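For this one, chain V is given, so just place chain A on it according to the hints.
Chains V and A, in that order, are what the protein sequence lines are.
The first sequence begins at 450 in my numbering and counts up one residue at a time.
The second sequence begins at 11 in my numbering and counts up one residue at a time.
Hints may contain errors.
[Unchecked claim] Simulated coverage check for chain A against chain V, where a stretch passes if three residues somewhere in it have a Cβ under 8 Å from a Cβ of chain V: (1) 36-42; (2) 106-120; (3) 142-149.
[Stated by the list, open to error] Label-pair distances were calculated between CB atoms; the ranges are: (4) V:Val456 - A:Arg174: 36 to 44 Å; (5) V:Asn451 - A:Arg95: 22 to 30 Å; (6) V:Gln455 - A:Met173: 36 to 44 Å; (7) A:Glu166 - V:Ile464: 18 to 26 Å; (8) A:Pro18 - V:Gly453: 18 to 26 Å; (9) A:Trp52 - V:Glu462: 21 to 29 Å; (10) V:Ile464 - A:Pro132: 31 to 39 Å; (11) V:Asn451 - A:Asp35: 28 to 36 Å; (12) A:Glu127 - V:Glu465: 12 to 20 Å.
If you are wondering where the hints come from, they were derived from the structure by calculation, not from laboratory data.
Only a predicted model underlies this, so the values are computations on that prediction, with no experimental measurement involved.
Quick reminder that beta carbons are idealized off the backbone N, C-alpha and C, glycines included.
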Amino acid sequence: MNIGEQVRTVYIEPIEEPPPTEEPSLVERVPDPLPDPRRQLDPA
Amino acid sequence: MQGLERVPDAIEPLIGYRAWYFAVDRHGGSLFPIGMPDPSGWSVWDGAQNGWVSATCRRRADVRQPRLDALGRCLCRQQVALGLRSMPCSDCDDPHLPPGDYCSCGFYAMRTLASVEEPSGPNVILGRVEFAGKVIECISGYRAERARIAELIPIEGTERHAMRLANRLGLPLAQAIAP
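So here's chain V without its partners, still in its complex pose:
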């Protein structure tokens, strides 16, 4: 491949980009081990 005479040298930061077709990963819901303190204050 003939790309011709050298003109200059640059440095380009190789930014990693997520693939555009990638689906967002599902986050598994984990139950909170501690009771909600606000709920404890509520009258039954």
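Here is chain A on its own, set in the frame of chain V:
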């Protein structure tokens, strides 16, 4: 200067265009530089459909015994200092980060699609590539340290095979262009 030590000149990759020979089988697809017509082995472009791949320099395996002075140093740098030659010998450019300034290593592409001269054949495909890292800009194209493939561009008459290849590699396929 090694690429990792310098401040980037930009963060947007440079865009280039090039041609490959391609092969498709039930396991996947591969792209081979036109200068490496035997599509039976590993390609420097393997993985470039998924993200950045890095160029390697094969000259390291082909280093000649350098001419040394009494202190074990190659004479070329002294010759440069004396004005007897314009640049160090290619061996003294090693080790270098591809693309070496005095080497031919690195990923190649042309600046424009129109300037790509592809051979004819059913297993030739064009593509738009992105370059980063150390990039040597030349009049008609680039020689780069890192590359990734952004898009495949089929040549008219090869669309069916090109679509299979694009599906195997997970790459977008542009509209076919005339040969």
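Going back to the hint list, which numbers does this structure go against? Structure breaks hints 1, 7 and 12.
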